[in-house]
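Trainee: Sequence:
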Amino acid sequence: GAQERIDIWWGGLQRNGGLMILLAYLIRTADGWRRATVNVNLVAQSEAAAQGARSNLVHVLEHMRIRAEVNVFVADDRPFAAVLRETSMDADLIFMGIAEPDDDFVSYFQHMQDMIVGLPPVALVLAAQDIDFADVLL
Numbered sequence: 857g858a859q860e861r862i863d864i865w866w867g868g869l870q871r872n873g874g875l876m877i878l879l880a881y882l883i884r885t886a887d888g889w890r891r892a893t894v895n896v897n898l899v900a901q902s903e904a905a906a907q908g909a910r911s912n913l914v915h916v917l918e919h920m921r922i923r924a925e926v927n928v929f930v931a932d933d934r935p936f937a938a939v940l941r942e943t944s945m946d947a948d949l950i951f952m953g954i955a956e957p958d959d960d961f962v963s964y965f966q967h968m969q970d971m972i973v974g975l976p977p978v979a980l981v982l983a984a985q986d987i988d989f990a991d992v993l994l
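Note that the numbering used here has the sequence shown beginning at 857, numbered continuously upward.
I should point out that these hints are in silico values taken from the structure, not numbers from a laboratory.
Note that CB positions come from ideal geometry on N, CA and C, so glycine has one too.
Treat the hints with care, as some may be off.
Derived DEER-like restraints, expressed as beta-carbon distance ranges [claimed, not checked]:
1) Q907 to G867: 15 to 25 Å
2) A984 to V962: 27 to 37 Å
3) D932 to D887: 18 to 28 Å
4) S963 to H919: 33 to 43 Å
5) L982 to H915: 33 to 43 Å
6) Q907 to A886: 27 to 37 Å
7) S911 to D887: 32 to 42 Å
8) A858 to A904: 20 to 30 Å
9) D959 to R890: 35 to 45 Å
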């Protein structure tokens, strides 16, 4: 891709969210990615929830050492996959967190793969260790 836009789908600072922020920061240190915009995206179920989520996310990102744009999308009864497809189709790289494997992980992972088919490159991120990324990022 053009190496101009990285989309992070935010689920919170703990675990995957913190690792995705760190990965985006590291990628932006590479020559081709230095001018890339990092978008931290979040889906809310209502406009009221979106306002609160945006305020909280802006506050968290203000304390980090990475520049990022905050985008909060209202689902309007659309499934997450539809919002993802509509908003990240033009990204050059997408980060999405995944759940820890459990007894139903095969069907969960197949659902994730179905959701991202046809999108730009997607990195599915799972922070395997209990690292407090807030200590690194804040």
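Trainee: All hints, please: hold or fail.
Mentor: Quick rundown of the hints versus the structure:
1. Remark: the range hint 15 to 25 Å for Q907 to G867 is upheld by a beta-carbon distance near 19 Å.
2. Roughly 18 Å separates the CB atoms of A984 and V962, a value that falls outside the hinted 27 to 37 Å.
3. Remark: the range hint 18 to 28 Å for D932 to D887 is contradicted by a beta-carbon distance near 40 Å.
4. For S963 paired with H919, a C-beta distance near 38 Å keeps the hint of 33 to 43 Å intact.
5. The hinted range of 33 to 43 Å is not satisfied by L982 and H915, whose Cβ atoms lie roughly 26 Å apart.
6. In this structure the hint that Q907 and A886 lie 27 to 37 Å apart at CB holds, the actual value being about 35 Å.
7. About 35 Å separates the C-beta atoms of S911 and D887, a value consistent with the hinted range of 32 to 42 Å.
8. A hinted range of 20 to 30 Å is violated for the C-beta pair A858 and A904, which are about 36 Å apart.
9. About 43 Å separates the C-beta atoms of D959 and R890, a value consistent with the hinted range of 35 to 45 Å.
This entry does not satisfy hints 2, 3, 5 and 8, going by the numbered hints stated previously.
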